[in-house]
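A.B. asks: Residues per chain are reported as follows:
There are 4 protein chains.
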Amino acid sequence: MPGLSTDENSSLPTTRRIEALSDGIFAIAMTLLVLNLALPQAIEHTSQSLLKMLTGQLYDFFDYVISFILLAIFWIMHHQQFHYIQRTDTKHLWINIFMLMFVALVPFSTSIVGDYGVNVVGDIFFSANILILGFLFLANWVYATSNHRLVRHNLDSSIINQSIRRTSVIPIVCLVTMAVSLLSPYWSLWILLSIPLIMIFKPFRKV
Amino acid sequence: MPGLSTDENSSLPTTRRIEALSDGIFAIAMTLLVLNLALPQAIEHTSQSLLKMLTGQLYDFFDYVISFILLAIFWIMHHQQFHYIQRTDTKHLWINIFMLMFVALVPFSTSIVGDYGVNVVGDIFFSANILILGFLFLANWVYATSNHRLVRHNLDSSIINQSIRRTSVIPIVCLVTMAVSLLSPYWSLWILLSIPLIMIFKPFRKV
Amino acid sequence: MPGLSTDENSSLPTTRRIEALSDGIFAIAMTLLVLNLALPQAIEHTSQSLLKMLTGQLYDFFDYVISFILLAIFWIMHHQQFHYIQRTDTKHLWINIFMLMFVALVPFSTSIVGDYGVNVVGDIFFSANILILGFLFLANWVYATSNHRLVRHNLDSSIINQSIRRTSVIPIVCLVTMAVSLLSPYWSLWILLSIPLIMIFKPFRKV
Amino acid sequence: MPGLSTDENSSLPTTRRIEALSDGIFAIAMTLLVLNLALPQAIEHTSQSLLKMLTGQLYDFFDYVISFILLAIFWIMHHQQFHYIQRTDTKHLWINIFMLMFVALVPFSTSIVGDYGVNVVGDIFFSANILILGFLFLANWVYATSNHRLVRHNLDSSIINQSIRRTSVIPIVCLVTMAVSLLSPYWSLWILLSIPLIMIFKPFRKV
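Line by line, the protein sequences are chains A, B, C and D.
Letter by letter, the first sequence follows residues 5 to 211 of our numbering.
Letter by letter, the second sequence follows residues 5 to 211 of our numbering.
Letter by letter, the third sequence follows residues 5 to 211 of our numbering.
Letter by letter, the fourth sequence follows residues 5 to 211 of our numbering.
Calculated from the structure, these hints are not laboratory results.
Watch out, some of these pointers could steer you wrong.
[Said to hold, decoys possible] The calculated DMTMM-like cross-link candidates involving lysine to aspartate or glutamate, where the alpha carbons are at most 25 angstroms apart (straight line), are:
| hint | chain 1 | residue 1 | chain 2 | residue 2 |
| --- | --- | --- | --- | --- |
| 1 | D | 95 | D | 160 |
| 2 | B | 56 | B | 160 |
| 3 | A | 95 | D | 93 |
| 4 | C | 95 | C | 23 |
| 5 | D | 95 | D | 23 |
| 6 | A | 56 | B | 23 |
| 7 | A | 95 | A | 23 |
| 8 | C | 95 | B | 23 |
| 9 | D | 95 | C | 23 |
| 10 | D | 56 | A | 64 |
| 11 | B | 95 | A | 23 |
| 12 | A | 95 | A | 160 |
These numbers were taken from a predicted model, which means no experiment stands behind them.
Looking at chain A on its own, in the form it has when it is part of the complex (with noise of 0.2 angstroms):
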């Protein structure tokens, strides 16, 4: 079994390991989208001026809202490969760091798209950062998948497929977002959210 001794005698992170480093980076991304929601400086301090502050940052409130959602959505994906992922190699140990590169990157994505309001720039450039996470959670698992190269020798073809048809979802749903961008800005980035609703459904769905 040389893959197992590879593991046991290899001084790669754990997947155990990857996987701390990783809900941190998750928990920390989450929180820091908050950040985006500052205030800006009040010149009158009444209770209209604040009302008017704040829902002028309705928009800022769905971002948060969407980002916050998105990347639950990958921390439950991400937990849902490594329930199956056992081993980890060099390759496989980037394909992870850009991964996470990209997660940490979703506040910054968020801001762009908070500040500049309907713009068709932004969300692009969101929904890009999204497209991008989910190529690379599916060349995670195809990389770990195929030929039972990071995974139990016998774990069934069916398992795999399904994952693949489920990662599949989210760069699809991202360029129709950015397909609807271009036609037309206006809570395109909406259509996002549809990601969790589609996942329900039973070709998706992880039993």
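Fit chains B, C and D to the given chain A structure using the hints.
C.D. replies: This is chains B, C and D only, laid out in the frame that chain A set:
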């Protein structure tokens, strides 16, 4: 035992993983509170001006303390609930993600109260954040325990009910705080500090 | 064994959980210190102006180092205490929450010292933060060990007393620092760096 | 077995605890890098102006990528070293605390490079940060392995030497980068990206 087997076969994050992510988000939210304490840009750098600025931030310090204590209470409750919760399912997972979304929002809500001082809108925004958190914690517990869905099948119903009573303290105190804010916003948030005090009393106390 | 059974039946966070939250808050507070090093907005982008700005921040770098080292000392002490503390109760839990509140405050106290340079108020504010932390660590240990409340019933009293002596170093050095600050605020915070040096000496050393 | 018993009796943080704090600080430092990407305040909110601002930040994006990758390399090395390090002592603990101090400094060093663009002082400051980190990692390993101080007494010396060779790559590349910066600061930091490439080659590769 379908419940147990669901847990073993499923690739949902384990409750241990949810706790790890939650601990991370609680720790970061609690530490980010300190960013609200930033002093205004100093014009002169004398001891007197610094002293004046620090005392001018007394209200912000109070907000820091109250938010830190409230988050600590929710963190304690989180562990109390997960002490009994043994499994998770998709709905339960999403209740928890929304809980974390409102935990991560607390530094922002705190900054609103701080920047606007005595202001009914800010106080109600902050209380509403805590109120929603209270309801989500209640929902988490009721969902997990109804029909012993995610807890041990022989968990004593007195423990379940006692915990419902205990968790209900938070939304009730929040509603009182919001009502008092409408009448008089001066220091109405002090009322929230009664939450840990009430919880010490017998009917709400954890044995 | 009432002590042990209390621990098993209770739904208070375990000491393992308190340690996890504490590790998180220590890690974040230590890393947030770096935010105090932000350079002022550059007017011209030459090597000379950057060099001047960096040397102008020498005092801030010193503050970064001292705060990082002090937090590291508290983190080490935290683990030394929890090496022996086996249980928790409500009072002990709240001592720890207040400890974490003042740990999370350190980046703010550091920023005050940095922004105001040589200033007796800033130095005393910072020393007071460390002083309170020292007292809370002392309280944590005294509470946990008096009558062997939360430690092994046969824990050697020499270990208990040695640790009290060791922990007392911090408040005493803080009081000296505050006194020196009143006389001369120039570099008085250097005195705090004597804490790790004193701890190396036999009567305070951990075996 | 004095080594083992030292570890059991001591109340120093365990290597597991040091790894937990380190994972936290690495995760936060890697995520804080994104704060350097903040866009300048927008004057007009058009797609063109946003696009211009984003392309104007291309250099900042490059800095983000390079810092993230370097921190990831150090994180991997950290685990490789602690794969073999089984105990800790006071000196080793302090080497690690200084390592973490310079890990937490990386977001600041990155911000200097970003804000000042092509500037020899910024490039050298950044390279010096990485250089010191490289030396501290080397010191950590040499201290732990000389006389098998903190590692298994029968750890193969070929593993020890291979790891010294591997760790030495970083300071050497940093010194080259600093020399090139002095001659020509244009994109000299690209040279740092050769670190992961060099490590793939046989004499430096982890088996």
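A.B. asks: State the violated hints by number, sorted upward, taking the hints as numbered earlier in the document.
C.D. replies: 2, 3 and 6
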